[in-house]
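If you're matching them up, the sequences are chains A and B in order.
Numbered according to my numbering, the first sequence terminates at residue 1793, and the numbering increases by one at each position without gaps.
Numbered according to my numbering, the second sequence terminates at residue 1317, and the numbering increases by one at each position without gaps.
Because the hints were derived from the structure by calculation, they are not lab data.
Hints are not guaranteed to be accurate.
Claimed, not checked - Here are the simulated BS3-like pairs of lysine-lysine, each with C-alpha atoms no more than 27 Å apart in a straight line:
1) A:1536 - A:1459
2) B:1224 - A:1593
3) B:1209 - A:1574
4) A:1459 - B:1209
5) B:1209 - A:1536
6) A:1543 - B:1262
7) A:1701 - A:1714
8) A:1650 - A:1714
9) A:1543 - B:1309
10) A:1619 - A:1554
11) A:1619 - A:1536
12) A:1701 - A:1787
13) A:1593 - A:1574
14) B:1262 - B:1093
15) A:1751 - A:1787
16) A:1707 - A:1650
17) B:1224 - A:1574
18) A:1459 - A:1787
19) A:1650 - B:1209
20) A:1593 - B:1209
21) A:1549 - B:1224
22) A:1593 - A:1549
23) A:1561 - A:1609
24) A:1536 - B:1224
25) B:1309 - A:1574
26) A:1619 - A:1650
27) A:1787 - A:1650
28) B:1262 - A:1554
Claimed, not checked - On the chain B side, residues computed to face chain A include the following (Cβ under 7 Å):
29) 1213
30) 1214
31) 1216
32) 1217
33) 1219
34) 1220
35) 1232
Computed from a prediction, not measured in an experiment: that's the story for all the values here.
For every residue, glycine included, the Cβ atom is placed at its ideal position computed from N, Cα and C.
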Amino acid sequence: MSDSSTKGSSQNPSHIRLKGVEKIYPNGYKAIHGIDMEIEEGEFVVLVGPSGCGKSTLLRMVAGLEDITHGEVYIAGRKVNDLEPSQRDIAMVFQNYALYPHMTVYKNMAYGLKNLGTPKDEIDKRVNEVAKLLELEELLNRRPKQLSGGQRQRVAMGRAIVRKPTAFLFDEPLSNLDAKLRVQMRLVIKNLQARLGTTTLYVTHDQVEAMTMADRLIVLKDGIAEQIGTPMELYDRPETQFVAGFIGSPAMNFIEADLSDDGNTLQFGDTKLPLKEKLSNQTSKITFGFRPEHVTLSDSGAMSLQVNLVEHLGAESIIHAKLGDSPITLRLNGHIDAKNGDTLKVDIDADRYHFFDKNAGIRI
Amino acid sequence: MWPASQAVYQSLLVEDAFGMSSQFVWLDNFIELFEDDHYIKTFGRTLFFSAMVAMLSLSVSLVLAAMADRVIRGTGIYRTLLIWPYAVAPVVAGALWVFLFYPTTGIISTFLTSMGYEWNHQLKGNQAMALVVIAAAWKQISYNFLFFLAGMQAIPKSLIEAAAIDAASPAKRFWTIIFPLITPTTFFLLVVNIVYAFFETFGIIHVVTKGGPANATEILVFKVYNDGFVGLDLGGSAAQSVILMVLVIGMTIFQFKYIERKVEY
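Whenever a hint applies, use it, and build me the whole structure from the sequences.
Below you can see the structure in the form of structure tokens.
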């Protein structure tokens, strides 16, 4: 990467750029380990990971609410490390919405523009435009406490949109909503972002949210970016065992297996699994993974499982079973008639095998 | 209850100077009070005094609390130091301020004199008033500080961050977000401070000025004491304390009625 690419956004498509970003707290705790990432203009990027992985910290560093210990952050071609949040031309939606309780919806949305010295009629025009976009017109004179959760969420978004920032930052904006509303708002946010074409960085711990909304996502674990890619790349080809287990629901099954010396078969328990392609690894200890949905029932199946519990969801059945001591989950279409203690014979789609080094957890 | 009822009863009597006899005079004591210029003046002076004390102590503690709210390191020490004055007895506090401002030997008065400002609160009424206001306000700062700080820390941090992203400067954040959100606290403290200035500053005034010079710092509670125990007009003094009692009751009701309004985050 040449130095010239850091200047001006015209020749550089990346809109938000992180270069070796690290966060070390005064007590010595390292929350973020050297993240490199480029987000293109108009892209919707989701930061996802379990709680405590540093995703909110990273977002707050981009927003300017946390100091950047090492590395550089660029927004629209400008290095923003030493800029105040207000100078970074970003808008943020907080988990608890952070609406100003003593102001009406109108004033909440107008506050930022007013601070920027925008003329009154311009503020009025923009607030009304956004209110119309988000169907908030009726609520402009209400105060936050008179609104429902979904309405507050929309106001928080309105407050972000009205400023016409160069980037939106979302910090788990849907986690305070009930499940149904969350699915609705997911669509609203996604549509809105596509319509406005504003670069977006979105933090969530919910992998379904991440998968459905993201153009690309970053899986973060203990402050390390495990993998960056499109949802389907992460689903089809997880680079680490952690990503494999995190993306997809129900989670991927993992079985500890031994690789034969010639690299052609995998053995676990009584099962011998011939491989299509020769596999080579430094050690013979392998973690074999397959997704619950990449399995078919077959009387001649290579694996026989002991059924533990079946969940009938109508369109599909989730079967919790055991292979020796390893718990296995299957996701099969339709109604599967099986009960505790039954034996099921299954085949795994051979194109959908995943292998990881047992110790390093890295894809082979 | 018993002392209070005795005060009410006493306020309806006129007693001779030696306490040998007393006469039931209905409301004559009160009528006399309200016809007395001196009493009306004291009333006005008390209002001025308590307004000044409340304003001074509230504003200083608000600034200190706003600063403490932003402090990251050494909060413990900072807070402990600020809370200390509250543990000092009023008389001791008064004595401290007398030492500092003593016309001939006090550190501050000497400094003021060297700056060309002549300080003598024993002679100048408004200087005496300023001194008791400062001493009384100083004592109340800790209490106000604690409440202000608690109020500020109850405000979700994300609100302040949202305002920071919304391009509000720290001062603007304070006046447009923090200050409006601690209104209930401010209101509560205002009432508490007025009550304090009205009734609990006796010790300070007694030590610092004894109500002088020429009654310049004589507030209502001090006049109750002065008329009753120095002037031995027990009936008149009792009548004054009954009026004070009514004021306290009034303010307490007022506070209970309006203080319940809370801000929701």
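*Hints violated by the structure (listed by number, smallest first)*: 1, 6, 9, 16 and 28
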